[in-house]
Each structure stands twice: as C-alpha cells, then as structure tokens.
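Enquirer: Chain order of the listed sequences is A and B.
Position in the first sequence counted from 1, then plus 51, gives you my numbering.
Position in the second sequence counted from 1, then plus 51, gives you my numbering.
Some hints here could point you the wrong way.
You can't tell identical chains apart in this list, so a pair holds if it fits in one copy or across any two.
[Stated by the list, open to error] Restricting the straight-line Cα-Cα distance to at most 25 Å, the calculated cross-link-like pairs of lysine to aspartate or glutamate (DMTMM-like) are: (1) Lys171 x Glu88; (2) Lys171 x Glu247; (3) Lys97 x Asp375; (4) Lys97 x Glu253; (5) Lys183 x Asp74; (6) Lys97 x Glu220.
No lab work stands behind these hints, which were simulated from the structure alone.
Source: prediction; values computed, not measured.
Number of protein chains: 2
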Amino acid sequence: MVEHVTENHGVGGSIPPLGTISDLTTPALVLDRSRLEANASRMRAKVQSLGVMLRPHVKTSKSIDVLHVLAGVDAGPITVSTLAEARYFFAHGVTDILYAVGVAAVKLPEIAELIRSGCKLRVILDTVEAAKAVRAFVEAEQVPIEVLIEIDSDGHRAGVAPNDLLLIEIGRSLGPSLVGVMTHAGASYDCRTTAEFEAMAEQERSLTVQAAERLRTAGHPCPIVSVGSTPTVHYSCGFDGVTEVRAGVYAFGDLVQSELGTCTTDDIAIGVLASVIGHNRQHDRVLIDAGFLALSRDRGTAALPIDWGYGAVCDPVSSEIIQDLTVSSTNQEHGIVTARSGEIDFDRFPVGSRVKILPNHACATAAAYDRYFVTEGGEQIVAVWDRVNGW
Amino acid sequence: MVEHVTENHGVGGSIPPLGTISDLTTPALVLDRSRLEANASRMRAKVQSLGVMLRPHVKTSKSIDVLHVLAGVDAGPITVSTLAEARYFFAHGVTDILYAVGVAAVKLPEIAELIRSGCKLRVILDTVEAAKAVRAFVEAEQVPIEVLIEIDSDGHRAGVAPNDLLLIEIGRSLGPSLVGVMTHAGASYDCRTTAEFEAMAEQERSLTVQAAERLRTAGHPCPIVSVGSTPTVHYSCGFDGVTEVRAGVYAFGDLVQSELGTCTTDDIAIGVLASVIGHNRQHDRVLIDAGFLALSRDRGTAALPIDWGYGAVCDPVSSEIIQDLTVSSTNQEHGIVTARSGEIDFDRFPVGSRVKILPNHACATAAAYDRYFVTEGGEQIVAVWDRVNGW
Chain A
52 MVEHVTENHG VGGSIPPLGT ISDLTTPALV LDRSRLEANA SRMRAKVQSL GVMLRPHVKT
112 SKSIDVLHVL AGVDAGPITV STLAEARYFF AHGVTDILYA VGVAAVKLPE IAELIRSGCK
172 LRVILDTVEA AKAVRAFVEA EQVPIEVLIE IDSDGHRAGV APNDLLLIEI GRSLGPSLVG
232 VMTHAGASYD CRTTAEFEAM AEQERSLTVQ AAERLRTAGH PCPIVSVGST PTVHYSCGFD
292 GVTEVRAGVY AFGDLVQSEL GTCTTDDIAI GVLASVIGHN RQHDRVLIDA GFLALSRDRG
352 TAALPIDWGY GAVCDPVSSE IIQDLTVSST NQEHGIVTAR SGEIDFDRFP VGSRVKILPN
412 HACATAAAYD RYFVTEGGEQ IVAVWDRVNG W
Chain B
52 MVEHVTENHG VGGSIPPLGT ISDLTTPALV LDRSRLEANA SRMRAKVQSL GVMLRPHVKT
112 SKSIDVLHVL AGVDAGPITV STLAEARYFF AHGVTDILYA VGVAAVKLPE IAELIRSGCK
172 LRVILDTVEA AKAVRAFVEA EQVPIEVLIE IDSDGHRAGV APNDLLLIEI GRSLGPSLVG
232 VMTHAGASYD CRTTAEFEAM AEQERSLTVQ AAERLRTAGH PCPIVSVGST PTVHYSCGFD
292 GVTEVRAGVY AFGDLVQSEL GTCTTDDIAI GVLASVIGHN RQHDRVLIDA GFLALSRDRG
352 TAALPIDWGY GAVCDPVSSE IIQDLTVSST NQEHGIVTAR SGEIDFDRFP VGSRVKILPN
412 HACATAAAYD RYFVTEGGEQ IVAVWDRVNG W
C-alpha cells in the first residue's frame with residue numbers, strides 16, 4: 052500500500068518506487084495524467100483559437116499539480132470556489148485568483164489577509180447590501196478589494212440581470228472597488244443539442260458584455276468581462292467583448308460531460324478504484340467497497356440520455372467501460388453493481404478483484420479524497436498528488 | 052474565526068476562549084452537545100431495557116469525543132465502516148472494533164497490523180472466496196483474525212440467507228476464525244408504520260438467530276449474534292438470542308430519522324451554519340454558501356412524507372425550523388433556499404445573516420468536515436472536536 056503523499060514530477064528513465072494500482076487499498080482515486088494532458092491541450096487550443104484568456108476553475112481538482120498540467124504557469128490566473136482553495140494555491144505561488152462564489156461579509160477579514168500578503172484575490176457579489184459591506188470594509192481597513200458584479204445570464208442561480216436597475220445601484224455602491232462583471236451559465240447543463248449549447252454560449256457572452264457596457268455608460272470602468280462553464284466554452288463560437296473564460300470540469304471530464312458532448316468517456320481522467328467484496332447471486336448484484344462517500348451521491352446523469360446510476364464500471368487498468376454495468380445504488384461504504392440486462396457474469400468479477408468506477412460528476416467524487424494516485428493510463432503509479440478540501 | 056482544532060472538555064465556571072458561532076466562517080458544522088447527550092441516553096435506556104449490549108456505529112460521527120458521550124467508555128465496543136476509523140479509534144484507546152463492511156483481501160495486511168498491535172478488530176464476509184482468502188492469510192501470517200458471517204435478513208444489500216447451503220460452506224471454509232454472525236436490516240428504511248418497523252426488527256433478529264443456530268448445529272461455535280440499524284433498534288420489542296446491537300445515526304439524528312419516527316426534528320444534533328450570500332427576488336430565492344459539498348447530495352427524504360429538499364432551514368441559534376423553507380437545490384458551493392408557498396420573506400434573511408441547515412442524512416453531511424464546533428444549543432462554542440475521514 053502507498054502510505055504517504057509523495058510528489059514525483061520528474062518521471063524519467065527510472066521507475067519510481069510508488070508501486071502499481073494493485074498495491075492500493077480501496078477505495079482510491081486514480082488519475083490518468085495522459086488523459087488530463089489531452090483535456091488540458093484541447094481546452095487551451097479552443098480558447099487560443101478564440102483569442103481569449105483562460106482562467107481555469109480549480110474547484111474540480113483542487114491540486115497544484117493538476118493546475119501545472121492545465122496552465123503550465125505558476126502565478127495563475129485561476130478561479131476558486133472556497134477560501135481554502137485560495138489559501139492553498141496562494142501558498143503554492145498562485146497570485147491571480149478569482150473567488151467565484153458571492154462573498155459573505157464574515158469572510159472579508161480572511162480575504163484582506165490574503166490580499167495584504169500579496170495575493171490578487173478578487174471577489175464577486177450581486178446585491179447592494181454586499182456591495183455596501185465590502186465598501187465599508189475596504190474604507191475602514193484600507194485594503195484594496197477588487198470586485199466583479201455577478202450577472203444573471205440564464206436565470207439559473209445567482210446574479211443581477213443586465214437590464215436591472217440594480218446593476219447600476221450596485222456599481223454605485225461599490226465605487227472604485229468595481230473592476231468588472233462575471234457570469235456562469237449553469238443553465239448550459241440543460242441544453243441537449245449543439246444549437247442549444249451554441250445559443251446558450253452566445254447568450255452568456257452577449258448578456259454579460261451588455262452588462263459591462265451599461266456600467267461603462269454609467270461611468271464605471273469595467274475592464275474585466277468574465278464568463279464561462281465547461282459546456283459554454285466548449286461550444287462557444289466567439290468571445291467578442293469577453294476578457295476571460297472560466298471552466299473547471301473539462302480537466303477531468305465525467306459522465307455528465309460525456310453526455311453533454313464536451314468529452315467522450317475515453318477522455319475521463321479520474322476513476323475510483325474499488326474491490327469486489329461480495330456476490331449476491333440471488334439478486335444478480337456485485338458488491339464493491341465504494342459507496343456514496345467514495346463515489347458521491349451525484350446523480351447528474353439521471354436526466355441525461357444515458358443514466359449511469361452512480362457511475363460506470365470499468366476495467367481497472369484499461370479503463371474500458373464494461374458496457375452493461377453501472378453502480379445502481381449506494382450506501383455509505385457499499386456500491387451495488389447491476390447489469391442493465393439483468394444478468395451478471397460473476398466470473399468476470401471474482402471476489403477480491405478490482406474495478407474502476409467513472410464518476411457522474413468529477414468535482415463531487417474527487418471531493419472525498421485528499422490525494423490522487425497518478426498513472427499514465429497503465430498500472431504503474433507515477434506520482435501521488437495532494438488536493439485541498441474543506442473551507 | 053476559530054482557526055485550530057481545540058479540545059475543551061472541562062467546561063466549568065469560566066467561559067472558554069472559543070468564541071461564538073457568529074465568529075465562525077461558513078459553511079461550518081455545528082454540534083449541539085445537549086441534543087447528542089439526550090440521543091445517547093435514549094438509546095442506552097432502550098438497549099438496557101432489552102438487556103442487550105450496544106456496539107455504537109461510529110461511521111456517523113467518526114469522533115472520539117462523540118463516542119465518549121455515546122458510550123462513556125474508552126475501549127469500545129464500537130462498529131466502524133472504514134479502516135481509517137479503526138486506526139483512529141484504536142489510536143484513541145478503543146480496542147474492541149467490528150469492521151462492518153465485507154472485507155477485501157487487499158486490506159488483510161493492514162487489519163493484521165492492527166490486531167498485532169493489540170486491537171481486537173473483527174471483520175465480516177459473506178462469500179466462500181473471501182472466507183478462503185482470510186483463512187489462507189491467517190494460516191500464512193499466523194495472525195488470529197476473527198470473522199462474523201454477514202447474514203441477509205431483508206434482501207436489501209449483502210449477506211447470505213440463513214437457509215442457504217452457502218452459510219455452512221462459508222463456516223467450514225472459515226474454520227476456527229468463525230466467531231459469529233451479523234446483519235444490518237437496511238430495508239428498515241423502507242418501513243412506514245410502527246407495525247412494519249416492529250416486524251422488520253423481529254425479522255432481522257429471528258433470521259440472524261436462526262443462522263447462528265444452523266451454524267451451531269453444524270458444529271461451529273457461533274458466540275456472537277450482532278444485528279442492528281437505528282430504526283430496528285429503536286422499534287425492537289426484544290432481542291432474544293442476540294448478543295449485541297449496532298446503530299449509528301441515532302447519535303445525531305437527521306431529517307430521514309425524524310420522518311421514520313426514531314427522533315423528532317428537535318433532537319437533530321448537527322447542522323450546517325451558512326451565510327446568506329444573495330437574494331434573487333425575481334425567482335424568490337435566497338442563496339446561501341452551503342452547496343452540495345457542505346450539505347451532501349443526499350436526498351433521503353425525497354420519498355418520505357415530508358420532502359426536505361437538501362435540508363431544513365433553521366434559525367442559527369435556536370435551531371427552530373423555519374417551516375416553509377428548504378434548500379431546494381444545490382451546486383458545489385451554492386444552496387438555493389425557496390419557500391414551499393413560493394414567497395420568501397427576504398427581510399427575514401438579510402444578506403450576510405446566518406441560517407442553520409438540518410441534514411437529510413447526518414452521516415453524509417458530516418463527512419465533508421474535519422471538525423465539529425460544539426455548542427450547548429446556544430451561541431457559545433464550548434469545544435471543537437475533530438473527526439476522521441477517508442479510508
């Protein structure tokens with residue numbers, strides 16, 4: 052068993068002493084670096100072709116080693132979803148960070164501490180109340196907190212509509228702290244056809260640019276226009292007026308993304324290694340030691356063309372999906388594998404053997420782990436990369 | 052903000068310097084010790100009245116401090132769901148541990164290490180293959196691993212049926228390692244009436260006792276008969292032939308348990324403290340900074356009489372449920388609070404104010420946190436207790 056977190060970036064001629072995935076206890080999170088690199092290249096090529104800057108969202112991987120593959124740079128820019136991520140990445144040399152969850156006043160002292168330490172940490176908000184709280188804090192503490200106003204481009208979750216009078220009121224409340232606008236078209240996950248995705252990407256872009264223009268017309272400088280989600284960036288045909296795009300889950304891909312067409316199942320870079328711990332022949336079930344804590348309870352494919360249950364069952368080494376099998380239900384530390392056809396070939400899964408489960412939602416599944424066992428797609432573990440969790 | 056894990060058990064006349072829940076950044080997991088103590092007392096009274104030993108399942112709390120409240124003893128017995136729990140509790144002096152997930156051969160070296168260090172760690176299995184693997188390991192390594200055969204008492208998940216010939220074959224394969232039988236009637240979660248719960252509890256008991264008797268008749272000593280789930284222990288009318296019962300979630304209670312009648316919502320001992328980060332007046336939504344990582348994606352109440360969404364919204368101090376409100380959807384770090392009636396009283400939830408969210412499933416929600424902020428039901432934090440996660 053690999054006991055400790057070991058970073059091993061310089062994989063050269065000699066085989067590092069990290070063993071193989073057969074040595075791992077289960078459940079364990081395995082990351083295929085070759086797939087990660089391919090996903091990273093594809094996204095970089097896409098944003099380069101559209102002439103826009105990529106600000107990867109690290110909430111998926113929460114790992115400095117993954118960021119190095121994604122961006123190849125040390126200082127950022129990145130997007131984070133928690134201040135724990137901000138602290139971790141800043142401690143690893145990343146200085147250009149957007150904290151893309153509406154800021155709560157209780158977090159301002161911690162944000163100020165990071166900014167005073169040299170981190171260019173920006174925050175977002177979408178209410179006059181939050182704008183006033185930030186402005187009061189900035190003035191009282193004399194710390195320059197830069198703010199983006201969150202724009203509602205799809206009615207999905209948060210943000211102020213670009214044509215809402217509130218937008219100008221928030222801008223006025225912020226005063227010099229205002230540096231831009233941002234949006235996340237989460238409704239892109241409801242699109243099904245290429246035409247729908249392209250229209251959503253264009254809507255995300257145009258409404259956010261429109262909000263920036265309204266603020267500028269009202270006299271507020273608004274240099275940053277930040278948009279993005281993995282589907283809208285993937286399907287976008289252009290980013291006129293946008294200064295940066297954000298996407299996260301493209302790094303790993305997952306079954307939801309493959310159903311949405313932003314990757315294929317062969318691109319999915321992480322999987323949960325599990326052991327077969329039981330055969331229930333009476334009910335045609337194979338039991339594995341990966342339950343809802345190991346796989347997450349995400350059922351993101353439930354409403355998509357192929358419902359993968361709690362995950363797709365793969366060969367642990369080749370990562371080839373064993374087409375008929377899914378994790379159809381989970382308890383805390385148990386996964387129940389069944390066949391869509393009903394009948395399980397138990398000889399294919401001896402008790403004690405391994406399977407790999409591809410996740411519905413990579414962000415949710417990875418969150419249960421504090422490390423990635425990194426392979427190049429085979430059995431050999433070439434590195435162990437840490438990740439940061441919590442808040 | 053409380054930065055470090057501090058244990059503070061001796062709360063006496065002086066107020067400890069841990070601050071109040073208003074000082075906490077969000078999301079944070081808050082534990083009401085008074086409710087925990089009441090839940091613990093109620094369960095102890097129940098098992099004492101039925102004359103059976105309680106082996107608390109620590110997979111809910113994963114905290115030595117919680118165990119001390121539940122059991123008041125240091126050495127166990129306890130039930131665990133991971134070897135990480137076994138290592139943690141053994142390091143804290145607990146020696147009598149049942150690892151209640153079918154054992155995978157890859158874990159035997161780690162189990163042997165714990166046993167050789169003085170831990171009475173027992174394992175479970177339900178296949179001939181696993182029995183043979185354990186027996187071979189025991190003989191090769193000369194380490195005494197004691198085994199319980201898992202019995203299927205409800206067709207829910209795992210185990211061998213008490214009347215299955217396989218039972219005797221597994222017993223024979225195990226030889227001297229066999230020390231008993233165990234079951235978990237997970238199907239108790241599908242019961243709705245007291246009569247159904249009582250019948251399920253009796254079924255769990257009688258089938259497991261029957262399995263033990265079959266093994267004894269076949270010449271195998273079978274001293275341990277272990278059964279349990281929070282609902283079946285709660286509703287049981289008697290444990291004839293049973294030597295120990297296991298239950299876990301009763302410690303904290305949750306919305307699923309309150310719907311099943313094993314507790315009330317006023318007994319729920321944990322909640323997620325969250326900040327209001329946005330008002331979406333157009334869609335009558337309050338946004339909070341607790342999403343599916345902070346609350347878990349468990350939807351255990353979806354099929355129960357009251358569907359609480361992703362959690363019930365409470366006053367952060369009194370823990371009184373604000374009846375009309377639930378977290379109706381979640382993203383990674385966003386929770387969307389809506390009213391069943393449709394209309395939200397936004398003035399009740401100013402941006403920057405706090406709410407507390409009671410969990411659907413305490414085991415799933417607590418798993419996202421590495422510590423509990425402990426109160427006596429008020430604002431004052433009286434202790435910070437750690438917990439162990441991972442595998």
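Enquirer: All the hints need checking, so say for each whether the structure fits it.
Expert: Here is how each hint holds up against the structure:
1. Lys171 x Glu88: neither (27 Å within a copy, 46 Å between copies)
2. Lys171 x Glu247: So lysine 171 and glutamate 247 fail the 25 Å test inside a copy (36 Å) and across (60 Å) alike.
3. Lys97 x Asp375: neither (34 Å within a copy, 46 Å between copies)
4. Lys97 x Glu253: within (16 Å within a copy, 62 Å between copies)
5. Lys183 x Asp74: between (55 Å within a copy, 20 Å between copies)
6. Lys97 x Glu220: Classified as neither: same-chain Cα gap 36 Å, cross-chain 60 Å, threshold 25 Å.
Against the hints set out earlier in the document, violations occur for numbers 1, 2, 3, 6.
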